[in-house]
Structures are given as structure tokens and as C-alpha cells.
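Participant: Sequence:
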Amino acid sequence: IAIGNSSSEKLENISDKYITLPDSNEILSTVISIIPLQFIAYHVANNRGESIDQPRNLAKSVTVE
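For the sequence shown, our numbering begins at 1 and goes up steadily by one.
Hints were generated in silico from the structure; no laboratory data involved. Ideal Cβ placement from N, Cα and C applies to all residues, glycine included. There may be inaccurate statements among the hints.
Said to hold, decoys possible - Using C-beta positions, here's what the derived DEER-type ranges look like:
| # | residue 1 | residue 2 | range |
| --- | --- | --- | --- |
| 1 | LYS10 | ALA59 | 36 to 46 Å |
| 2 | HIS43 | LEU11 | 16 to 26 Å |
| 3 | ILE19 | ALA45 | 12 to 22 Å |
| 4 | ASN57 | LEU37 | 12 to 22 Å |
| 5 | ILE52 | ALA2 | 15 to 25 Å |
Work out the full structure: start from the sequences and follow the hints.
Facilitator: As C-alpha cells, then:
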């Protein structure tokens, strides 16, 4: 699975699935790419049977004061 803009023909040719994002400036393209990446991560975790609401090792990454 690859994600890119319409000018990424080389990436599109070597990937099995390709998601085309709209052309935008560099800052907006980063924000726009987060949405499909989160959507893919959600479905991969769901298909693997992982707990989506309680990810493992979250306590190691997040500290609460």
C-alpha cells in the first residue's frame, strides 16, 4: 500500500495498492496524509483482532503527571 500525490507515477507502478492524495503545499500534504494512514492502521488492527480502544504498551509511551 502506498500513498502519494498524482505526480508519483514511479511509486504507483511499484505498489499493489495506491492511494492518490490531492496536490497541495508541503505542510498541508502532511496533515492530509494522516487521515488515510490512521484509517489503514485502524482496519489493520481490527482485522488482526487487536484491541483498538486499548493499544498495548501505551502506558510506556504516555506519562501522566
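Participant: All hints are to be evaluated individually against the structure, with a verdict given for each.
Facilitator: Hints, verified against the model:
Separated by about 41 Å at the C-beta atoms, LYS10 and ALA59 satisfy the suggested range of 36 to 46 Å. In this structure the supplied range 16 to 26 Å holds for HIS43 paired with LEU11, their Cβ-Cβ distance being about 21 Å. Remark: the range hint 12 to 22 Å for ILE19 to ALA45 is upheld by a beta-carbon distance near 18 Å. For the pair ASN57 and LEU37, the beta carbons lie near 19 Å from each other, so the given range of 12 to 22 Å is met.
Checked against the hint of 15 to 25 Å, the C-beta distance between ILE52 and ALA2 comes to roughly 24 Å, which is consistent with it.
Violated hints: none; the structure is consistent with every hint.
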